[in-house]
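Undergrad: Sequence:
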Amino acid sequence: MSPAPIIEDSSEHEADLAEIRQIIADTETAYNTNDADLLTAHFARNATVVNAMGVRMSGWDTLLETNRAALAGFLRDQYVRYELLDVLFVRPDVALAHKGARAADSSGELVDLDHAMVALYVLVKQDGRWWVIARQNTLVPDKTG
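Here my numbering is used: the first residue of the sequence shown is -7, the next is one more, and so on.
Hints listed in this document are in silico derivations from the structure and should not be mistaken for laboratory results. Just to be clear, a hint being listed does not mean it is correct.
[What the hints assert, rightly or not] DEER-style ranges, computed between Cβ atoms:
1. Leu102 - Glu0: 25 to 35 Å
2. Met(-7) - Thr25: 10 to 20 Å
3. Arg13 - Arg83: 16 to 26 Å
4. Ala95 - Ala61: 14 to 24 Å
5. Arg83 - Val103: 14 to 24 Å
6. Ala61 - Pro(-5): 39 to 49 Å
7. Asp78 - Asp119: 24 to 34 Å
8. Arg68 - Pro(-5): 23 to 33 Å
9. Leu80 - Gly120: 14 to 24 Å
10. Leu131 - Ser(-6): 34 to 44 Å
From a predicted model like this one, the values you see are computed outputs, not experimental measurements. Ideal Cβ positions, reconstructed from N, Cα and C, are used throughout, including at glycine.
My request is simple: use the sequences and hints to build the entire structure.
TA: Structure (structure tokens):
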């Protein structure tokens, strides 16, 4: 039995990384300013999201509607700081990105010492830009409990 391969795309990705970093930055800005349109802007029409509670949602219109309700409701006075933890290009047009999330206050000061959530983004490059086709959020257990 041969060992499992390392799957990676060997091409350079500096411009791709910059675009993916911008997607994460836009997501943070959207969350912190309650901008549901910007929060949804980078998702493909047929994207699927699993939120931190395990609820699965599919389709751009559903994501926009959910984001509008959440940002006007229970997330309205919530703030975050996001960090792009890593990106793996499995093909030139497919990337897996992990984002760490920490709660912040309205001035941007961190509330959490460690990441409270990690999100996995599956991104596909189509028509010259990166689109989020899937996102999976996972809460990180509190280390003190």
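Undergrad: Does the structure break any of the earlier hints, and which numbers would those be?
TA: As far as the earlier hints go, 2, 5, 8 are violated by this structure, in ascending order.
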